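Keeping their order, the protein sequence lines are chains A and X. Heads up: the first sequence begins at 1 in my numbering, then just goes up one per residue. Heads up: the second sequence begins at 295 in my numbering, then just goes up one per residue.
Honestly, the hints are just simulated from the structure, not real lab data. Hints should not be assumed to be uniformly reliable.
[Claimed, not checked] If we take Cβ atoms under 7 Å as the criterion, some of the chain A residues that face chain X in the derived model are:
| hint | residue |
| --- | --- |
| 1 | V77 |
| 2 | S90 |
| 3 | A112 |
For clarity, every value in this text was computed on a predicted model and none was experimentally measured. Glycine included, each C-beta is placed from N, C-alpha and C at the ideal position.
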Amino acid sequence: MKTHSLLIAFVCAGIGCATTAPTELVDAREAYRRASTGPAVQAAPAELHVANQALAEAEQSFRDNPDSYQTRDLAYVAQRKAQLAEATASISIEQKSQAKSKDDLQTAQGTAVAKTKQDLGRTRTALAASERNGEATAEKLSAEQEARAAAEKRAADAQAALAKLAAVKDEPRGMVITLSGSVLFASNRAVLLPEARTRLDQVAEVLLTTRERHLIVEGYTDSQGSVNYNLDLSQRRADAVRSYLVERGYQGDLIQARGFGKDSPIANNARAEGRANNRRVEIVIEHEPRASNP
Amino acid sequence: MKRAFKHQKEDSMRHIFKFATMAFAMAVAATTIVAGCASAPPLRTEASASGIRAAEEVGAAKVPQASLHLQLAKEEMENAKALAAKDQKGMAVSMLSRSEADAELAVALSREDAEKAEARAAVDRVRQFRQENK
Numbered sequence: 001m002k003t004h005s006l007l008i009a010f011v012c013a014g015i016g017c018a019t020t021a022p023t024e025l026v027d028a029r030e031a032y033r034r035a036s037t038g039p040a041v042q043a044a045p046a047e048l049h050v051a052n053q054a055l056a057e058a059e060q061s062f063r064d065n066p067d068s069y070q071t072r073d074l075a076y077v078a079q080r081k082a083q084l085a086e087a088t089a090s091i092s093i094e095q096k097s098q099a100k101s102k103d104d105l106q107t108a109q110g111t112a113v114a115k116t117k118q119d120l121g122r123t124r125t126a127l128a129a130s131e132r133n134g135e136a137t138a139e140k141l142s143a144e145q146e147a148r149a150a151a152e153k154r155a156a157d158a159q160a161a162l163a164k165l166a167a168v169k170d171e172p173r174g175m176v177i178t179l180s181g182s183v184l185f186a187s188n189r190a191v192l193l194p195e196a197r198t199r200l201d202q203v204a205e206v207l208l209t210t211r212e213r214h215l216i217v218e219g220y221t222d223s224q225g226s227v228n229y230n231l232d233l234s235q236r237r238a239d240a241v242r243s244y245l246v247e248r249g250y251q252g253d254l255i256q257a258r259g260f261g262k263d264s265p266i267a268n269n270a271r272a273e274g275r276a277n278n279r280r281v282e283i284v285i286e287h288e289p290r291a292s293n294p
Numbered sequence: 295m296k297r298a299f300k301h302q303k304e305d306s307m308r309h310i311f312k313f314a315t316m317a318f319a320m321a322v323a324a325t326t327i328v329a330g331c332a333s334a335p336p337l338r339t340e341a342s343a344s345g346i347r348a349a350e351e352v353g354a355a356k357v358p359q360a361s362l363h364l365q366l367a368k369e370e371m372e373n374a375k376a377l378a379a380k381d382q383k384g385m386a387v388s389m390l391s392r393s394e395a396d397a398e399l400a401v402a403l404s405r406e407d408a409e410k411a412e413a414r415a416a417v418d419r420v421r422q423f424r425q426e427n428k
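I would like the entire structure built from these sequences, with the hints used as guidance.
Written out as structure tokens, the structure reads:
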């Protein structure tokens, strides 16, 4: 029908029909041509068919009565029908676009919900792990507190025991056990006397109850003799005590030996008694336990 | 003389009668014509009027293209009424078909505009949601 209508129009134009088509009919033909080559073919076929019929009616009227008002009005209506088909097609297309956007939005929302659920699941897992970790930390903390309390008790017990063996003093640098030099060594010697070993055995027994503590064995002399001599003697005496304690089982990397010579006297070197007191070995038990250095 | 006067009088009477008869016939004819016109069905504008009303209700006046066809529909309906008043029924009915077609198109163009706007809004909603949930 479409082809038939257009064919008539072209033939008339080609052979120069006596009557020129009215403007309304020309416009109607163009409107139908545009509509029939656009989206209306697929999206508004019914409306396009109606437009085709309207154009055919107008063409027939034009053939029957070219200059009549009926022809012009029919052509006018045919043009409007073609425009209506285009508008209807556009409506259909826009509605499909809305439907697609709605689907896209639902898909995006679904994805977001799934992601949120995943994140929530991960957060819950992490929270549960954190809670378990917290419980483990609490348990560990409690165990550490118990261990610390036990260590402090041992230290207190050791201090009490040491106090029975030697002079013990709690100083900022640690608990200091002072052993008389004359008890440990012969004069100007750095070899432990037999009775010194007995005393050191008792000290070692106590010290081993605080095995984790870092010890510093410090050797001191009186002021008699040269500086170098006293430094050397005090160092060798400190080494001797250290070696004995290590033999007795104390961890070697936790115990150091230092000689200070005549430095840090605790008594008056002008008097014999004072010099005797200055000739000493001090074992410093540091307050905080330190990890052993490999 | 009396005879001639009598003949003249009779001729005048015949003329008057003839005239009266003609006048009567014309009056009868005129009455018939008038009676015939008075009984002709009125122009049916309901379809056009309801089409125009529908276009106004969907807001065609606010959409440029739709507004144009709404205005055309109104003018064409008035033209049809005027033609009917001039006893040009055929042209009036034909003009009404224009009015109905323009009103129908005004409704469709108004709907098309609304659907386009809604489609744009739907696309914007998707874009915005995706941006917010990256």
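Against the structure, the hints:
At a threshold of 7 Å, the smallest CB-CB gap from A/V77 to chain X is about 4 Å, leaving the interface hint in force. Annotation: A/S90 was flagged as interfacial toward chain X, and the flag holds, the nearest CB pair being 5 Å apart, inside 7 Å. A least Cβ separation of about 5 Å between A/A112 and chain X falls short of the 7 Å threshold, and the interface hint therefore holds.
Violated hints for the displayed structure: none, as all numbered hints are satisfied.
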